[in-house]
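J.: Residue-level listing of the chains:
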Amino acid sequence: MKYLSRGAAAAACLLPLPALAQEAAVSFDQRVNDVFAASTGWFVSLIFAPIPGTSFPWIVLWLVVAASIFTIYFGFIQFRAFGHALRLVRGDYSDPNDAGEVSHFQALATALSGTVGLGNIAGVAVAVGIGGPGATFWMILAGLLGMASKFTECTLGVKYRNEYPDGHVSGGPMYYMTKGFAERGVPGGAILAVIFSIFTIGGALGGGNMFQANQAHAQIAGILGDYPGWITGVVFAAVVFAVIIGGIKSIARVTEKVVPFMGILYVGAALIVLIANYQLIGWAFGQIFVGAFTGLGVAGGLVGALIQGFRRAAFSNEAGVGSAAIAHSAVRTNEPITEGVVSLLEPFIDTVVICTMTALVITISGVLITDPDTGRFVLDDGAIATVGDVSGVQLTSAAFATGLSWFPYVLALAVVLFAFSTMISWSYYGLKAWTFLFGEGKKTELTFKLIFCVFIVIGAAAQLGAVIDFSDAMIFAMAVANIIALYVLMPVVKREMNAYFGKVRSGEIAPYAS
Amino acid sequence: MTTTLVVGLDGGPTGQKALDFAKDRARALGDCLILICYVIEWSPYTFQTPEENEQRHQRREEEIALAHERVVDPAAKAARDEGFTVEDHVAHGDAAEILDRLARTRGATQIIIGRVATKGMMERLFGGVSARLIATSSVPVTIVP
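Protein chains in written order, with full-length UniProt numbering: chain A, 1 to 514; chain B, 1 to 145.
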């Protein structure tokens, strides 16, 4: 009886706790969001400031102009070397004596697992949700042009990487900024490398971490019902902690194997939806092309569609950002240009193929509400009104659910896995920038990894708007520093490119017979 | 003319049986080179984390050193001590493919391997090393039970 009374008393005390906990949690989420938005707002405004007299953000122009210049400067390398890139990935030019080293396929897959993910699912939904189907056209164009940027940065990443006596390598923009600038006698490389590293750490904590945690939580909450974001954050942080600090590689290995499978499943599901609605595909492409030049009445019209398309493409494929240069630098090759050629497939797979599929599914699904009288999209608070008033991942999920009712569950799993694999990749990119600034060593590495885990919780708790703005701003800020370096060093890439393709033409470099 | 025999080792008793059989053949043939080969199973089409890629070169060197230390060098030394002419080869990749390539490039007359029971679903579906080697080899293959 005594125990029963105690138990009853305890139960009575505990009963109101969930409600109290939820209230406290909600206010914690709100506080995180307010502090976050207030402390990062100025930086976001600076990065996305419009060109005077227009509404066009200067940073988007910066990326597009760079990608266009690289495209012309390298003679449309993305089209000329596309077939050669496929042969390199297939291993046709790989020396059998180098078997056991990182292959071109592995470098490409690793870099892709860092980029294919939420940008393709949530980012495209944001682009189409605000910029309309026309944003897809600009996204594809940005993807095609971005292939040249990726080619440039990955070639340099391999050429100027550091190889240490124990055999491990460190590479990326910070290394080509210091070594490449010094080689060409251009001052300022070290300062630029420091600036780039700071932005990379920000990008790793923003787009590579908080945005992922945020959207993963949104997706899980969409299925399980609303609950405080910090809970998802703590769970994610614990798993990431186990991998990057605990060294439990098995979790990362499982993810690395499941993620490509989820990618294939995602593309397969999109194809099923598209085939089931094949009669609408022509119409959807019509919407994309017409919308690209007229805006179809979306917020900001043509410029709105263009800005959204370019912005989301850059965020998704990271061309010109410099992250891929870190990922690709692990390949041991005598010809750095081969890694650049392979890397140009990334924006193609990521943006031209996967993002376009997502955009097509959203467009044909009918989740974007149009006015039956005018045929134009119905706007709601600066974005296109959607069935169920959803945005981001949930918009993509709703679009797929119109064709495959079970898909939201698969998508939820895909989002969680994509988010996790992107976090692992970006924890590495951030760590490389961190060790470049503070030196290699167990203590400095542990400090960054702990900070990285804390930001997962913050990202899951904050609201989408504040997180997405900060994520974008930091990733684009990386591109500011990186593209300056690419301009300075592009003659080096051209020299390498001409020498390599000269050898291929002369037969000095030939495919290995199987 | 020297006859070359390629022998696949697997670090276990079946590989040793194959080597013993090769030695018998070499004794009978007289002028014979035994080419001992150990393959570290590896595929260029796996998915790895950036950290694994960064350390890959180092790991590769360690794997090759370990294969020499634990499998190939003791086997080669024992065979040399018995008076045989021996060369060794350690490589990463698909065992069936590498054994065949080695036999072709070195002009070997046959490949000798031990019989290993089929393991797992993948091998049941696509065949183990012995089955694939029999199906694709350019030279005669001897499977030692």
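I should point out that these hints are in silico values taken from the structure, not numbers from a laboratory. Treat the hints with care, as some may be off.
Stated by the list, open to error - In silico lysine to aspartate or glutamate, DMTMM-like type, Cα no more than 20 Å apart, as pairs:
(1) A/Lys494 to A/Glu508
(2) A/Lys179 to A/Glu335
(3) B/Lys23 to B/Asp73
(4) A/Lys442 to B/Asp73
(5) A/Lys449 to B/Asp81
(6) A/Lys179 to A/Glu508
(7) A/Lys257 to B/Glu41
(8) A/Lys503 to A/Asp95
(9) A/Lys442 to A/Asp95
(10) A/Lys257 to B/Glu52
(11) A/Lys179 to A/Glu496
(12) B/Lys23 to B/Asp81
These numbers were taken from a predicted model, which means no experiment stands behind them.
J.: Could you run down the list of hints and mark each one as holding or not?
T.: Results of checking the hints against the structure:
Note on A/Lys494 and A/Glu508: the hinted pairing holds, with a Cα-Cα distance of about 19 Å set against a maximum of 20 Å. Of the supplied pair hints, the one linking A/Lys179 and A/Glu335 holds, its CA atoms being roughly 18 Å apart against a limit of 20 Å. Distance check on the hinted pair: B/Lys23 and B/Asp73 sit about 16 Å apart at the alpha-carbon level, within 20 Å; holds. Using a Cα cut-off of 20 Å, the hinted pair A/Lys442 and B/Asp73 is violated, with the two alpha carbons roughly 36 Å apart.
A hinted pair counts as satisfied when its Cα atoms are at most 20 Å apart, and A/Lys449 with B/Asp81 does not qualify at roughly 54 Å. Annotation: proposed proximity of A/Lys179 to A/Glu508 is violated, straight-line Cα distance about 29 Å (limit 20 Å). Distance hint between A/Lys257 and B/Glu41 is fulfilled; the C-alpha atoms sit about 18 Å from each other, no more than 20 Å. Simply put, A/Lys503 and A/Asp95 have alpha-carbon atoms about 16 Å apart, close enough for the 20 Å limit, and the pair holds.
Taking the CA atoms of A/Lys442 and A/Asp95, the gap is near 36 Å; set against the 20 Å cutoff, the hint is violated. Our distance criterion of 20 Å between C-alpha atoms is met by A/Lys257 and B/Glu52, whose separation comes to about 14 Å. As the CA atoms of A/Lys179 and A/Glu496 are separated by approximately 16 Å, the hinted pair is consistent with the 20 Å bound. At roughly 12 Å between alpha-carbon atoms, B/Lys23 and B/Asp81 fall within 20 Å of each other, so this suggested pair holds.
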